[in-house]
Amino acid sequence: MSNRLINWFKFASPQSFYPLAGKMIPWFWALTAVFGIAGLWLSFFVAPTDAVQGEGYRIIFIHVPASWMSMFIYLVMAAWAGLGLALNTRLSGMMAQALAPTGALMAFLSLWTGALWGKPMWGAWWVWDARLTSELILFFLYIGFIALQAAIDDPRRADKAGAILALVGVVNIPIIYFSVKWWNTLHQGASVSLTKSPSMAQTMLWGMLLMALAFWMYSIAVALMRVRAIILERETHTEWVKELEAVKR
Amino acid sequence: MSALLAIVRRDLLLAMRRKSEMLTALFFFIIVVSLFPLGIGPEPVLLRKIAPGVLWVAALLATMLSLNRLFAADHADGTLEQLALSPTPLGLLVTGKIAAHWLTSGLPLVLLAPVLGVQFDLDASALGILVGALLLGTPLLSLIGAIGAALTLGVRGGGVLLSLLVLPLYVPALIFGAGAVEAHISGLGASGHLSLLAALLALAVFFAPWATTAALRVAME
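Chains A and B are the protein sequences, given in the same order. Positions 1 to 249 (the working numbering) are the ones given, in order, by the first sequence. Positions 1 to 221 (the working numbering) are the ones given, in order, by the second sequence.
Please keep in mind that the hints were generated in silico from the structure rather than gathered at the bench. Be careful, since some hints might not be right.
Unchecked claim - Derived list of chain B stretches under chain A, where covered just means 3 residues or more per stretch with a C-beta under 8 Å from a C-beta of chain A: (1) 146-158; (2) 161-169; (3) 211-220.
Said to hold, decoys possible - Some chain B residues well away from chain A (every beta-carbon gap over 12 Å; in silico): (4) 13; (5) 17; (6) 41; (7) 74; (8) 125; (9) 131; (10) 175; (11) 178; (12) 179; (13) 193.
Here a beta-carbon is modelled for each residue, glycine too, at the ideal position from N, C-alpha and C.
With these hints in hand, go ahead and build the complete structure from the sequences.
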């Protein structure tokens with residue numbers, strides 16, 4: 001038992017995590033490629049044309065995984081942030097910082113593809129639907145987190161302040177979601193309904209799941225690459241970084 | 001408890017000695033609200049429709065203006081560190097400071113709102129709901145804003161950053177606050193919105209001082 005604990009905490013130090021992350025990155029890129037190619041093949045060539053929406057619906061294979069990841073990454077980010085506050089590990093803050101830009105990217109992608117999808121389907125780039133609005137606010141939360149971290153020079157303080165903000169945000173996300181939902185039902189008639197899901201063809205569902213896995217693996221790979229860069233940046237003064245082959249060159 | 005009252009009294013006294021800061025935010029509120037009819041047009045039907053939203057958005061912005069000074073002066077002259085060192089829990093003292101902030105920035109907005117509501121042709125019962133919603137909502141704004149103020153304490157570009165952090169978190173207060181008045185006008189009854197606003201306030205009273213204290217400790221390290 002104690003042996004296992006020590007093993008886990010071994011990788012909590014940037015020095016031992018750096019090479020581990022380096023070893024994991026190619027694997028996650030490979031998984032991204034495999035899932036991505038399979039998902040794209042399934043979604044473009046195998047999945048049938050939608051009876052109502054025609055070919056335009058195929059953007060769902062980007063849109064839905066991006067939305068899922070944008071929400072999931074915020075949760076993971078908040079979990080790392082909470083871990084960092086509780087255990088005072090440096091790596092947790094770095095992980096949270098490394099995840100934030102990817103999360104913001106996913107939220108932006110989801111809004112962007114949503115607009116592209118909305119134009120042909122509803123005739124509008126933007127409707128004040130509950131999901132769209134809460135996704136927009138999630139995007140703002142990511143931007144706030146990134147801006148706060150960028151504004152504080154001392155990295156340890158930036159980590160802790162960011163962690164508190166991420167935790168406050170994660171408590172607020174369900175409140176914001178439901179408030180926007182009720183606001184929406186009060187204001188808008190059922191002109192546009194995103195919630196009624198048409199019975200989806202099995203292949204469509206598979207394509208979507210494979211694309212979601214591809215996005216997931218991509219997020220991990222990119223976050224690991226970013227965390228390696230952050231480790232190097234913050235630990236430049238240490239001996240082990242100076243000893244690294246890549247740094248010596 | 002006496003420490004809580006002492007800190008409320010101290011902050012109120014300080015605010016009274018520097019009335020201009022308080023009044024600036026208040027006049028900002030009045031000006032922003034008055035700009036909307038100029039920009040949109042004076043049709044009473046339209047004004048009555050947008051009144052709750054405009055008043056609430058202006059209240060959010062006016063609160064943002066005054067949040068900066070919640071901890072900044074105390075941080076600059078070292079009072080905050082003394083408060084953190086005192087035997088009274090810092091969370092309690094922070095609650096006192098937030099209460100004083102509401103009394104000097106939120107309460108005046110609540111008192112002014114009916115006058116501005118009359119400009120927008122709201123009737124008496126709608127004004128009553130507006131005051132009630134603001135009375136529940138403005139403490140919520142102070143409480144959530146305090147977290148942002150503590151996080152951005154002594155940070156580069158703190159003011160703009162503060163609004164970026166806090167405004168998304170104000171969305172539920174805005175929705176239920178403005179929604180209460182709108183629901184009342186459209187005949188649906190405001191009690192649901194007001195109850196939700198009160199629930200949010202109860203949550204924030206419990207959690208916000210705690211998060212603010214944590215953020216202040218980070219800022220003072």
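A quick look at each hint next to the structure:
no.	hint	verdict
1	146-158	holds (count 7)
2	161-169	holds (count 6)
3	211-220	holds (count 5)
4	13	holds (30 Å)
5	17	holds (31 Å)
6	41	holds (22 Å)
7	74	holds (18 Å)
8	125	holds (19 Å)
9	131	holds (21 Å)
10	175	violated (4 Å)
11	178	violated (9 Å)
12	179	violated (6 Å)
13	193	violated (9 Å)
Consistency note: the structure conflicts with the earlier hints numbered 10, 11, 12, 13.
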